[in-house]
Amino acid sequence: MESILSFGVALLVAPLFPGIILKVKAFFAGKKGPPLLIKYYTLVKLLRKGFVYSTSTSLVFRMGPIVVCATALMALLFFPFGGVAPLLFFQGDVIVLFYVMGLGRFFMVIAALDTASPFEGMGAAREAFFGTLAEASIFTMLILFYRMNGSLSLAGYFTGPEAISQTAPAGALLLLVIVALFMVLLAENSRVPVDDPATHLELTMIHEVMILDHSGPDLALIEYGSFCKLLFYASFVAMLIYPFHQFGPVLAMALFYGAVALVYVAIGITESIMARLKMNLVPKYILTSFTLAFFAVILSMGISQ
Amino acid sequence: MIEFIFLLPMMTGIIALFLPVNLGRGVLVVTALLHLQVCVMGWMGKLEPIFGAFFGRSPEGMLVLLVTSFIFLFIAMYAVSYMAETSMQSEPIFIGCMLLFLGTMSMVALADHLIVLWIAIEATTLVSAPLIFINRSKRALEATWKYVLICSVGIALALLGCFFVTLSMDVAAINVPLTFTSLNAVAERLDPFWLSFGFIFIIIGYGTKMGLAPMHTWLPDAHSEAPSPASALLSGALLNCAFLGVYKFHTLMHLAGLGSFSSNLLIGFGLVSMVVAGIFILRQPDYKRMLAYSSIENMGIIAFGVGIGGIALYGALLHLIHHSLLKSSLFLSSGNILLGFGSKLVALVGGLTRFLPKTAVSFLAGFVGISGLPPFGLFISELCIIFGAFQAGHYLAAIVFIASLVLIVAGMAQIVTDMSFGGGDQVEILVGEGFFRVMPPYVLLAASIILCVWLPDEIYQTIINTISVIGGTIHG
Amino acid sequence: MNYFFAALGLVLTGGVAALIFHRQFLFAKGFSLLLTVAGCALGLASLALPSDGPAADWSLTWLQIFPLSCSVDSLSAFFLVPIFLICPLAAVYNIGYQDDAGASLKTMVGVFFLNLLLVAMALVVVAGNLLTLLLAWEVMSLSSFFLVLYDFKKETTRKAAYLYLVFSQAGVLLISAAFAIIFGSTGSFLFAGAATLPADIKLLVFFLACAGFGSKAGVFPLHIWLPHAHPAAPSHISAVLSGVMIKMGIYGIVRTYLLLGSQDPLIGQAVLVLGMASGVLGVLYALGKHDIKRLLAYHSVENIGIIMIGLGLGMLGATLGNPVMAGFGFAGGLLHVFNHSIFKSLLFMGAGAVVKATGLLHVDDLGGLIKQMPVTGRSFIAGSVSISGLPPGNGFISEFLIYFAAFHGLSETGANLILVMLAIISLAVIGGLAAACFTKVVGIVFLGEPRHEELRSVGEAGSWMSLPMLLLASFCLVIGVFPEPFINAVFRTVAQMVPALTVDHVLVATVGTNLAWASRLLLLMVLLIMAVRKAFSLRKEVARGPTWGCGFTRPTVRMQYSGTSYALSIVSFYRPFARIRTIWSGIDTIFPKQAAYASRVDDIAEIALHRFLVSPVAFVLGKLRWIQHGHIQLYIGYIIGTIAVLLLIFFL
Amino acid sequence: MINMTNTILVIILLSVLLSLASNRLSALVRIMALQGVMVSLTPLFLEHHSNLGSGGLIFFQIMILIKGLLIPGLLFMAVRKVSITREIEPLIGYHASLFFGLVCILLSGYITSRLQVSLPAGHELLLITAITTLAAGLFLMMGRTKAITQVIGYLMLENGIYLIGTALTKQSHTLYVVEFGVLLDLLVGVMIMGIILHNINHAFDDVDTTLMRRLKD
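Same order as they appear, the protein sequences are chains E, R, Y and F. The opening residue of the first sequence carries number 1 in my numbering; numbering runs sequentially from there. The opening residue of the second sequence carries number 1 in my numbering; numbering runs sequentially from there. The opening residue of the third sequence carries number 1 in my numbering; numbering runs sequentially from there. The opening residue of the fourth sequence carries number 1 in my numbering; numbering runs sequentially from there.
Hint data in this document are derived by calculation from the structure and do not stem from the laboratory. Watch out, some of these pointers could steer you wrong.
The calculated lysine-lysine pairs, modelled on BS3-like cross-linking and capped at a C-alpha distance of 25 Å, are [unchecked claim]:
| hint | chain 1 | residue 1 | chain 2 | residue 2 |
| --- | --- | --- | --- | --- |
| 1 | R | Lys358 | Y | Lys540 |
| 2 | Y | Lys159 | R | Lys344 |
| 3 | Y | Lys154 | R | Lys344 |
| 4 | R | Lys358 | Y | Lys154 |
| 5 | F | Lys216 | R | Lys344 |
Next comes chain E alone, as it looks inside the complex (with noise of 0.2 Å):
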């Protein structure tokens, strides 16, 4: 029940956060910024609106939008919010989790190059290149999370006694994880450094430009499967620094979604503070993250023995 309750919040609240994004960004330009609530706005107004499709498109484009979603709603019933059992786990959820949002992204990709547009297979191109090299770095942590409490679920890291945390023997390494899941985060989820979801470029964007031809519900599916990851990522970054489940569920949910808001806002910040990369030097920020990781899982092997 509990579980049931915790997917439920979290498919209702995933559209709020990128709101605050935007609240803080308007705090640092010194506006008022949207409301709060915007994204939630723009989703039932993309519901309600038609569609439009390109004549170059098959079938193809219009199951993008679908597999995007689905994929991101399936990450989010596996993920143990706040060290609430999730609904489902099993030993190696993780790898298919990772696998299925790839699935995502596969259709994400076909779907752009579907158009026939120059500017949406520029983006396609890089969303699959930067996406190689995040899941590198994604299976790296895998790794170290493997080597530190011989899981292989988010349930299993994230519930119970053994539970990966800051506060865990070895936790002292997962700082260096959380500034690399905050970089792929960064990556994954096309924000600033990586990407700049409010850029008016074409040229420049990545995801943006993917779905410039979706149109209506189709947008709304992919705008919603993106919130969703978002929220995956930020959820796993927030159950990387403290163990919620210690306290009582209700109070778990409430400091763990706390946290969320923090990781949220910490993405409003970065994007505040700092300029998009250039397109040639965004690999190279990916790596920096695997590196990380993967100093991490080396300094794990000198610790655990």
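Chain E is already provided as a structure; the job is to place chains R, Y and F on it using the hints.
Chains R, Y and F in isolation, oriented as in the chain E frame:
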């Protein structure tokens, strides 16, 4: 009357020199048929030697004899058609020399006496020279000159070797007839120094004739310049005869307890031959020369196998049989190609599969066979040799062996695929494929396949008898 | 074994019949297809029969002294399945693929060699001693050589076939060397002797065999022939070569490993390292290639790498006494063998359909084909998802098992730990790059706008060709969604293969069920979202228009993102391992009329082979050709020199 | 008797040296005739050959005829026919050749003394001569360009081998087969070479073997 086996072709050969062309062709084929028949009689033990002091039925000799006689029959059929097509000058000489060649080779196979063997081998050089020379072109002339001169020098050295072997008897104060049978019996008492000393000259002498590098230099010239039936005989039969000379002395060495010395020499010469053949097969512009180098390679393989001993020795003798069949088939196919395209250059030959489809199949199949792929027999013989080499612990030699096999396949494959499939859009075929020039290569190939599937017990037993003398066994 | 041999007999008869009746094109095709399919069905059935299945024996003495024997154990049975499954589908496909009655003889020769290849592969797998294996292996190499040579009029095909022949001969000689060492110390051709070798000899044997078999499998750096040969052959043959034949190399490696029973960790480590190198570099070069079939061929190298990673983990786990790692490693590797055979043949068939319809191979010449060829396009996408290792495709199942093994190997120490870590990271990189590559292929070839006008008028592949593709695509999904029976079967094979290995049955069952439910959940999610979308799209207007050109008003189809540019930035990231050469005409006037730009990615193994082996050897050999210079005087000198050398050796 | 043998052997040695230094083909052929006769005579003066039967005597007479008359005659005709009188450009000069001959004699002496074989008294010189002749024959084949000179070299090689044979072996077990073989070989060999020689001259307008370098790789 086992001497009849070589006297028959010699007599008919001399007669054929004076016969008109058409009659001569008939005599050629009929003699070949008769010869095979007599050979089979010899195999069945119906013929006994009259001059027992000079001739005998050694198993290795009988093996070579049968192979020679078999391939000669089909080469003779081919030759008739080939001569008709090329309107050869002085055809009676060609026919006569072919028969004399057969006779002298049979004599080599039957010889038991050191000097008779030597004489017979020298005689093969002399009677085969006109076969190469028959076209009288400058190139043929040059090839013949090199063939006769180098082989004569080699054979002279072999004679010197024979003297030293005789000396080893004198030094040890043994007095037996100079036959292999009696020498083998007293081998242990022979003087080891002079025997080994003699063996050096013999392996160089007969090795020259056999085409072992670095004494092989005449071989590519002679084999490529001779008319195709003659090339097929030279490669398929003559080399075996020279090998027989080396092999008999190797047996003697082995029985005298000097097996390791002669084995090492054979392994060394074998490997050098294979490497040298590899060098020249790669990017060889002339396909007949490629086949000639391939003969050098295969003689190297045989020498290597004999040197290794054990199961490799069995492999070497199988290799000898199959190499004769396949190589003569290849030379006959190449004869068809030469007739069709009028050139020995690979670059000028292309699209065999379109222009000469039957020859293309036999040529390709021959290539597959000579590369040691099933269903042809060289597959199993090469395998035996490799197995034997590792079993005997010659790891390094086996590695060189394998490397040169790869090198040679690499060289030949390129040439053969280019010739069979590549190039030439419109080529005018000078001479088409006649039945008697297509059938013999196929029969020879088929023989190799059949012998790879089913080896008659008699042949198997003969091989076993041959190798059991020097301790070659099948199972370790 | 009677049914098994009867099955092979039927297949072979089918091949021979095709040759005999080649003048009656349709009859020959139909008759041989019938026999082939019947034979394969019988072959599959025979695996289930108690008298024929695992542990059936047969033997014969060949040429008086050479024993030949066949026996089916669980490993053989496992490898027989793809052979009997994929080959008949390729044969069915071929009915539609090669329908030119004018080239009847050629087609039938192809059919003959394909059937011969099938028989030879089946014999390789059931070979019961060293000699039988070598014999069958050579027949296999030979028949596949002729299949590669099929389009012999093209020079590239001849080159490819040549390269293939040289590699396969070198490979078989290495294998013979390995077997010869076994023979040398036991004196028999039996497999059983291998286990009694001393430990260091075992290592030597394994590495020789690994090089020999690996060259057939396409393990880096011995894969060089593969990207040339597979594209050269007709597509149904590429499907068999890539899908089935190269797995015989894997079979050989596993068989040798099992025979030797060596406990040296070096074996597992080496296999693992080879696997990682093949996997990452294979997929990298695939990204850099833009000929569909060549690209698919490089993906075979990649997948062989994944298989080798699995097997390497298995071997390492077995040595280190880590049953979960060992069991899942072997199981993952073997299952990937099966899975790869399915999706790779599917993809090659898809590529073949494209080539047949358009006559074009370069991805940047194609585009938008999914509208003209919906069945081909959708099957190809299913195959692409599977080969990228994404759920719910079958590729994911086996990759998951390998991941699972690798993660359980993280409890090891030292060098093994590092290797296992690297294996996980390589798998992740491979997965990412493979997905990138297949988004490229799908996106550029099947999606978007056709890059040529003629492409708008091509038609769908006929039903003879679509049927196998649809079947294979559904296999991909079925295995992905119902993986339990396959996982259980492969674990049974592993258990019989390595009896010492005890994998927890409950764990296996749980993993299988979990994977199954995860896949089904994913499908359910997609269906759910589809329903949601449907709900929101009711009574909505659907407008159609051109793609938004970001303000550019006169787009042409040539302006679409090309495969080359799609991949270039990724490939250049891995620069030292992939040599990129660009050819740019340059711009020298203010209004240039025409500029040309091209880039190609070269395989470092190929470059190294040329630079460090072929060129030096050719140079030295070229110099040595001086030996035959024509001077008779020096020829005599050689003889004298030889005498002198021998006499010196003799006297010293 | 020994003195007689030694005299013959010295003549042979001289002929070898002369042949190395000679540049006129007709002179060379004459030298070969002399050498042939001497070589055929040698066995007659050796001790263990002294008990020759009448068959043996006839055999040696034939041998002298062939080696001393027939073969040189054939060669002479060949020289006439090709109408060249001298070796113009030897690959190795005459002085060097002569020097080589001397070195050869020295080496032969050394080898003879080193060989652990109990030679009958006086046979040392025979062996020295034999080896020198053999080596010089090979040398002529290598060092001269004219095909005729190579044939002559081959003849010398055979002479040397024949001498070694007579020096080292007892006659009892060979039954003249050796001699018969050598003779046959020489005869047919030289005849065939003569035919080729003729044709070479015909085809190349010269008997210079340096022209024959078409066949190579």
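May I ask which of the numbered hints given earlier this structure violates, with the numbers listed in increasing order? Number 1 only.
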